[in-house]
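There are 2 protein chains.
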Amino acid sequence: MQIKEIKLEDLNPQNFIAEKTKEISATVGQGLAINALSGGVDSSAVTMLGHKALGKRLKTYFIQNGLMRQDEPQQIASLFKGFGVDVEVIDAQENFFKALKGVTDPEEKREAITQTFYKDVFGKLVRKSGAKYLLQGTILTDVEETVAGIKRQHNVFEQLGIDPKQAFGYKIIEPLVELRKDGVRKVAQALGLPESVYNRMPFPGPALSARVIGEVTPQKIKTVRQATTITEEALAGVRAFQYMAILHNDRVTGIRDGKRDFGLQIEIRCWDSTDARVGKPTRLTFETLDKLAQRIVTEVPGVVSVTYNITPKPPSTLEAV
Amino acid sequence: MQIKEIKLEDLNPQNFIAEKTKEISATVGQGLAINALSGGVDSSAVTMLGHKALGKRLKTYFIQNGLMRQDEPQQIASLFKGFGVDVEVIDAQENFFKALKGVTDPEEKREAITQTFYKDVFGKLVRKSGAKYLLQGTILTDVEETVAGIKRQHNVFEQLGIDPKQAFGYKIIEPLVELRKDGVRKVAQALGLPESVYNRMPFPGPALSARVIGEVTPQKIKTVRQATTITEEALAGVRAFQYMAILHNDRVTGIRDGKRDFGLQIEIRCWDSTDARVGKPTRLTFETLDKLAQRIVTEVPGVVSVTYNITPKPPSTLEAV
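Heads up: the sequence lines are chains B and G, in that order. Under our numbering, the first residue of the first sequence is numbered 222, with each subsequent residue one higher. Under our numbering, the first residue of the second sequence is numbered 222, with each subsequent residue one higher.
Excised from the complex, chain B in its bound form (with noise of 0.2 Å):
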């Protein structure tokens, strides 16, 4: 099958917005259609587009896998019952954190994750819903580094738990694979989502877990999601593709109340990158680092040692795990 890019200079939001919601109605009819919205940028296209065509007969879940952001799940949901979607919030923080137990290789890490959305959780709902129409926003990237083999190929019916042999009439509508990410905001902009969403910077599927050196934890996710709080106000003024903090595994030797602590350290990635294939770190002041130091080292517990990342991409990454 060949997907026929549509370039950014040639995408006319407003047409394909249209489209893309006569094409969405034709193919559901008077079905139901389901949805997983994680607050990314391309799942809330979708959610909005499934939305004006199908109104309630789109199905959204958030599934609030204990490694989001703060107050992220009640933020994406509040936003979205702003334009009269309903997305239930799908509690599933014991799935993922007992998935996650004991598990340290990045890869494997993510593939718990997978599993766990997949099978565990988000195909029981596809199941149960009755839906027959699953939205995904999946984009011509994505197709990419499938066909590459960066990115896992895969049926997605398989890996939600539905036999494929007898599978007959699931469909995966994906509205927005003839786009990239720079057509996809342009969309979400054009569908009167804030621009929090449709310049959204860019976080990771595994959310939180990626940001966590070794074993995932609920306390670990507790601290590095603390630090990531500190981290994005401290550098939301920081005109940057992209910011991070990371917790180490490596404990470090500090001093609290003229006591030795070995203590937790916290890495600062901040990034120069305009489609995160390169990347340089920002080169932020050290007013700035000093105040982030500062804050984190107070605020959050634990911690007696923060660092900022002076490798440029290759040979890191922008993400460390």
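Because the hints were derived from the structure by calculation, they are not lab data. Please note that a few of the clues may not be correct.
Treat identical chains as interchangeable: a pair holds within one or across any two.
[Said to hold, decoys possible] Taking lysine-lysine and the BS3-like style, the derived pairs with C-alpha atoms no more than 30 Å apart in a straight line are:
id	residue 1	residue 2
1	K501	K443
2	K225	K480
3	K319	K243
4	K402	K501
5	K345	K407
6	K319	K277
7	K228	K480
8	K402	K480
9	K243	K280
Place chain G on chain B using the hints.
The following block gives chain G in isolation, referenced to the frame of chain B:
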């Protein structure tokens, strides 16, 4: 025993040297003395004082523990050779790496090194040499820290594996015990030692093993040694109290030749401080940081990421472990 401090403003280095040389001569008489030289300012000054007083009747050892910086043993032996001091380099690398195998706790690492040094290596040399006098570079701050319980109080001869009950006649000579570091530097300069010794940057007792987080292995020491050489070259012109490279135990994702490389991370620390009690990260330029990171990821095999520490002491400490 009350030690009377010689304050810096009251110190006449030439008189001090003449007096201590006389005292050492009088104490040792026609006997033999022994000392261990590490290349630090304290043990270097003691070696010179002992040499002035005793000539060939002072036996000076340099213990090659395998944890020193690039070419350090050779450089120190060659420097002292120029002063007519024969330094015998004892290769004890295997003893130290054996003692460090599997040890990850920082305190246990220190203890393993202390025990290996005293009991296993230097103790044997003392007993074999027939020397009844041991010259040590103890300074006033060491004594105070022992009394305050920061450093362990210890009976040195017991640590050397010499039974105190049978050890009648063994004597420790501590010619620097009335001085603090600044006084020792002045004396070392007056003794004719080069600036690289009398103004030597602080370097920890456990040497590069203090710069490896987690287990210390010959390979890890090799890696951190290479990073240390580059860091010391790159920051040589910077006015800072101390700078260092630290090898993390955590691995992070990198890219090499277009492929994923789960690699090593080096942390750089560079401190503004006057007395090591408090410190602030030096505000290096990003030009300097960029070049340093670039050299490390290019020249040190396996390293894909370099960070710069931005935390003050406290709550950080100058060294990581």
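Results of checking the hints against the structure:
1. K501 with K443: Result: close both inside a copy and across copies, 28 Å intra and 28 Å inter.
2. K225 with K480: between (64 Å within a copy, 29 Å between copies)
3. K319 with K243: neither (42 Å within a copy, 72 Å between copies)
4. K402 with K501: Result: close within a single copy only, 21 Å intra versus 42 Å inter.
5. K345 with K407: neither (33 Å within a copy, 76 Å between copies)
6. K319 with K277: Neither: 33 Å inside a copy, 69 Å across copies.
7. K228 with K480: Classified as between: cross-chain Cα gap 29 Å, same-chain 60 Å, threshold 30 Å.
8. K402 with K480: between (50 Å within a copy, 23 Å between copies)
9. K243 with K280: within (18 Å within a copy, 93 Å between copies)
Checked against the numbered hints above, the structure breaks hints 3, 5 and 6 and satisfies the rest.
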